[in-house]
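K.L.:
Heads up: the protein sequence lines correspond to chains G and D, in order.
In terms of this note's numbering, the first sequence has 52 at position 52, counting the first letter as 1, and numbering is strictly consecutive.
In terms of this note's numbering, the second sequence has 167 at position 53, counting the first letter as 1, and numbering is strictly consecutive.
A couple of the hints might just be wrong.
Computed cross-link-like contacts, PhoX-like style, restricted to lysine-lysine with a CA-CA straight-line distance of at most 25 Å [claimed, not checked]:
| id | chain 1 | residue 1 | chain 2 | residue 2 |
| --- | --- | --- | --- | --- |
| 1 | G | Lys-52 | G | Lys-22 |
| 2 | D | Lys-219 | D | Lys-183 |
| 3 | D | Lys-182 | D | Lys-219 |
| 4 | G | Lys-36 | G | Lys-22 |
| 5 | G | Lys-41 | D | Lys-172 |
| 6 | G | Lys-52 | G | Lys-36 |
| 7 | D | Lys-182 | G | Lys-18 |
| 8 | G | Lys-19 | G | Lys-52 |
| 9 | D | Lys-182 | G | Lys-36 |
| 10 | D | Lys-172 | D | Lys-182 |
| 11 | D | Lys-182 | D | Lys-163 |
| 12 | G | Lys-52 | G | Lys-40 |
| 13 | G | Lys-36 | D | Lys-219 |
| 14 | D | Lys-219 | D | Lys-163 |
| 15 | D | Lys-172 | G | Lys-40 |
These are computed hints drawn from the structure, not numbers from a lab.
All values derive from a computational prediction rather than experimental measurement.
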Amino acid sequence: ETGVTQTPRHLVMGMTNKKSLKCEQHLGHNAMYWYKQSAKKPLELMFVYNFKEQTENNSVPSRFSPECPNSSHLFLHLHTLQPEDSALYLCASSQDVGQGHEQFFGPGTRLTVL
Amino acid sequence: AQSVTQLGSHVSVSEGALVLLRCNYSSSVPPYLFWYVQYPNQGLQLLLKYTSAATLVKGINGFEAEFKKSETSFHLTKPSAHMSDAAEYFCAVSDRAGTALIFGKGTTLSVSS
């Protein structure tokens, strides 16, 4: 595997389910990110991790719970979601946060909440 | 505070025509600027980035962008559009304070034959 991988690619869940999204980067980067991409809305930064420590949480509802056990893996735990949470969830990584370091994106997980 | 404005949510061109996608930024310090492309059902892919080494930046797939400080712009161009260029394009800015990228709302490029 190379680059940034995300699993699953598609997920359908009910509002009472609990599920997790997984992201893995094979680039040796120190920073990882979760974004939400909804139709007709700008890309929304959700969380930023740098050296496994969360450095940004952009007022994300508590039904989204991130976990970063090491610099290569990032999870997004989901519970009691709402239909408006249906979106493409993108994971990205970069060498470090900011300072001109480009972000490398995974293919995303298409989430549908029924 | 940083921000990015992409003028035109949708641009349509004919195959072989010039592509021009506009991006204006706001930053209190010299910024880093990026253009990303997203094809359907895929993540974002870096096209090019400006890091102050040169004002004209060449990227992949024949795209280039010019940093114009006086106009606070970083427009993306390609001399001749190809059908495979149809995608969504995002401009992004980062300042030197170590913050994450700020993305524009995106521009959808359509290419007709």
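K.L.:
If a hint holds in the structure, say so; if it doesn't, say that too.
P.N.:
Hints and how they fare:
1. Lys-52(G) x Lys-22(G): holds, 15 Å
2. Lys-219(D) x Lys-183(D): holds, 21 Å
3. Lys-182(D) x Lys-219(D): Measuring from Cα to Cα gives roughly 21 Å; hence the hint holds.
4. Lys-36(G) x Lys-22(G): Answer holds: Lys-36(G) to Lys-22(G) is near 14 Å, not above 25 Å.
5. Lys-41(G) x Lys-172(D): Measuring from Cα to Cα gives roughly 28 Å; hence the hint is violated.
6. Lys-52(G) x Lys-36(G): At roughly 20 Å apart (the allowed maximum being 25 Å), Lys-36(G) and Lys-52(G) satisfy the hint.
7. Lys-182(D) x Lys-18(G): violated, 48 Å
8. Lys-19(G) x Lys-52(G): Holds: Lys-19(G) and Lys-52(G) sit about 21 Å apart, inside 25 Å.
9. Lys-182(D) x Lys-36(G): Given pair Lys-182(D), Lys-36(G) is violated - Cα atoms ~31 Å apart, limit 25 Å.
10. Lys-172(D) x Lys-182(D): Cα-Cα ~15 Å, so holds.
11. Lys-182(D) x Lys-163(D): holds, 14 Å
12. Lys-52(G) x Lys-40(G): violated, 32 Å
13. Lys-36(G) x Lys-219(D): holds, 13 Å
14. Lys-219(D) x Lys-163(D): holds, 18 Å
15. Lys-172(D) x Lys-40(G): Since the Cα atoms of Lys-172(D) and Lys-40(G) sit roughly 29 Å apart, the hinted pair is violated (cutoff 25 Å).
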